[in-house]
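Novice: Following the hints, put chain B in place on chain A, whose structure we already have.
Here is what each chain is made of, one letter per residue.
Protein chains: 2
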Amino acid sequence: MSQGSLIVISGASGVGKSTVIAKVLESCADVYFSVSCTTRPPRAGEVDGVNYHFINRVEFEERIQRGEFLEYAQYVGNYYGTSRKIVEEQLDRGIDVILDIEVQGAAQVKDNWPEARTIFIVPPSFEELAHRLRARKTDSEEKIAGRLQRAREEYREIPRYDYIVINDELEKAAEELRAVLIAERCRTIKRIALIEGV
Amino acid sequence: MSQGSLIVISGASGVGKSTVIAKVLESCADVYFSVSCTTRPPRAGEVDGVNYHFINRVEFEERIQRGEFLEYAQYVGNYYGTSRKIVEEQLDRGIDVILDIEVQGAAQVKDNWPEARTIFIVPPSFEELAHRLRARKTDSEEKIAGRLQRAREEYREIPRYDYIVINDELEKAAEELRAVLIAERCRTIKRIALIEGV
Numbered sequence: 006m007s008q009g010s011l012i013v014i015s016g017a018s019g020v021g022k023s024t025v026i027a028k029v030l031e032s033c034a035d036v037y038f039s040v041s042c043t044t045r046p047p048r049a050g051e052v053d054g055v056n057y058h059f060i061n062r063v064e065f066e067e068r069i070q071r072g073e074f075l076e077y078a079q080y081v082g083n084y085y086g087t088s089r090k091i092v093e094e095q096l097d098r099g100i101d102v103i104l105d106i107e108v109q110g111a112a113q114v115k116d117n118w119p120e121a122r123t124i125f126i127v128p129p130s131f132e133e134l135a136h137r138l139r140a141r142k143t144d145s146e147e148k149i150a151g152r153l154q155r156a157r158e159e160y161r162e163i164p165r166y167d168y169i170v171i172n173d174e175l176e177k178a179a180e181e182l183r184a185v186l187i188a189e190r191c192r193t194i195k196r197i198a199l200i201e202g203v
Numbered sequence: 006m007s008q009g010s011l012i013v014i015s016g017a018s019g020v021g022k023s024t025v026i027a028k029v030l031e032s033c034a035d036v037y038f039s040v041s042c043t044t045r046p047p048r049a050g051e052v053d054g055v056n057y058h059f060i061n062r063v064e065f066e067e068r069i070q071r072g073e074f075l076e077y078a079q080y081v082g083n084y085y086g087t088s089r090k091i092v093e094e095q096l097d098r099g100i101d102v103i104l105d106i107e108v109q110g111a112a113q114v115k116d117n118w119p120e121a122r123t124i125f126i127v128p129p130s131f132e133e134l135a136h137r138l139r140a141r142k143t144d145s146e147e148k149i150a151g152r153l154q155r156a157r158e159e160y161r162e163i164p165r166y167d168y169i170v171i172n173d174e175l176e177k178a179a180e181e182l183r184a185v186l187i188a189e190r191c192r193t194i195k196r197i198a199l200i201e202g203v
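First to last, the sequence lines map onto chains A and B. FYI, in my numbering the residues of the first sequence are 6 to 203. FYI, in my numbering the residues of the second sequence are 6 to 203.
Okay, chain A solo, but in the shape it has when bound (with noise of 0.2 Å):
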C-alpha cells in the first residue's frame, strides 16, 4: 500500500467548492474529507465534528504552540486551521485527504508538503459568481460585493496553485476533480513499490 495524496482546494466562497467535492466522495472509495478546527462559533444547523470542530480561542493558540496544526490561518477575527495529526494518519492508511482551504492556508501547506497537490475552483465568470452568491439568499448586497472584492483579490494566487477546475457544469467540475485523484494515486513515485520485478 502507498500514502494516499493530499489535495488542496481553494477557490471563492460561492463558487461551489464544497458540492464538486461531495460529489467526488460520493463516488470515489479511500478519500477523506479533512474537518477544519476553528475559533468561529457556530452557524444555526452547524454539527461539531461535521462542519468543524468548534474549539476556544486559547485552546486553538496552545495548539498552535506545540506545532499541532499542518496549517491554520486568521479569517474575519477567527482562526482556521486543520490538524496534522489526523491528515497524516489518513495518508498512512493509503487514504487521500482534501482539505478545502484559503489561499494563505494552501500556500503553508505547499510549504511544509511540497507534494501536495492544490487545486484552485473558478467560477466560469464573476458575474455567475455574482449570481450564485445572490441565489443564495444569505447575504446582502455590500456583503457580496466584499466577496466578490476578496475573490479578485485571490485570483492573484492561481499561478502557485497545480490545477485550475472550473465549475461551470458540476459533473465536468466534479470528473476533473475526481481525475485529479486518480492520477495522482498513479504516480509512479507512489506506485513503483507495487510492481513486481523493479
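Hints listed in this document are in silico derivations from the structure and should not be mistaken for laboratory results. Nothing here was measured: the structure is a model prediction, and the numbers come from that model. Heads up, some of the hints might be wrong.
Since the list gives no way to pick out one identical chain from another, each pair is judged satisfied if it fits inside one copy or across any two copies.
Said to hold, decoys possible - Restricting the straight-line Cα-Cα distance to at most 27 Å, the calculated cross-link-like pairs of lysine-lysine (DSSO-like) are:
| hint | residue 1 | residue 2 |
| --- | --- | --- |
| 1 | K177 | K90 |
| 2 | K115 | K90 |
| 3 | K177 | K148 |
| 4 | K28 | K177 |
Specialist: Just chain B now, with coordinates in the frame of chain A:
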C-alpha cells in the same frame, strides 16, 4: 484554446496497450492517436496509414537527416519513428496526442519535449503477461520467452516514467489513462490563459 498534451505510452508487448488506448479514444473527445512510421513490411491485414505509415529505408533515413522525427529507434533491424509535424499540428489545435512507443523513443521524447507525460503500462504480474502472450497464439514459446526477457529489461526504465498504469481490469486501466489526460488539461500552466481576471 490551450495546447494539447503529449502523452507517451510504453509497456511490454502483450500487456494490452492498444486495447486500453482504444477504450480511451472511444470515450474522450479531442484525443489523437499518432500512427508511427516504420520500415518494417506490413503484416497480413495491416493497412498503410492506419497501423503504420510504411516507408522504405532510404526515405526513413532522409527524414532522420531532415530532423523530421520527434523520436525514432531501430528494433529488430527495422526503423520506427514519430513524425514531428503531425504531432505538432494536433497539439497546436488543442488536441491531445497519444504515442505508443518503446522505452528508447520515450526517453527521446522526454528529452525534446519535457512537458510530455509518460505512462508505463504493466501487467498485474509476469505470469499473467506470459499467459496473455500464449493466449494470442501468434508466437512460439521461444519468442514468448524473448518477449518476457525484454519486458524484464524494460522494467529498469520504469522509474523515468511519470505514471504507472496497471492493466489488470481493462475498465480500470482505461479510467486511469483517461484521468491522466483530463488532469493534464486542468494544469494551471495550460488553463490560466482562459481564466478571466487573472
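Novice: Confirm or reject each hint.
Specialist: Taking the hints in turn, this is what the structure says about them:
1. K177 x K90: Cα proximity of K177 and K90: none, with 33 Å in one copy and 32 Å across.
2. K115 x K90: Close inside one copy (17 Å), not across copies (38 Å); limit 27 Å.
3. K177 x K148: Neither way: K177 and K148 sit 29 Å apart in one copy and 46 Å across, limit 27 Å.
4. K28 x K177: both (11 Å within a copy, 20 Å between copies)
Hint violations for this structure: numbers 1, 3, all remaining hints satisfied.
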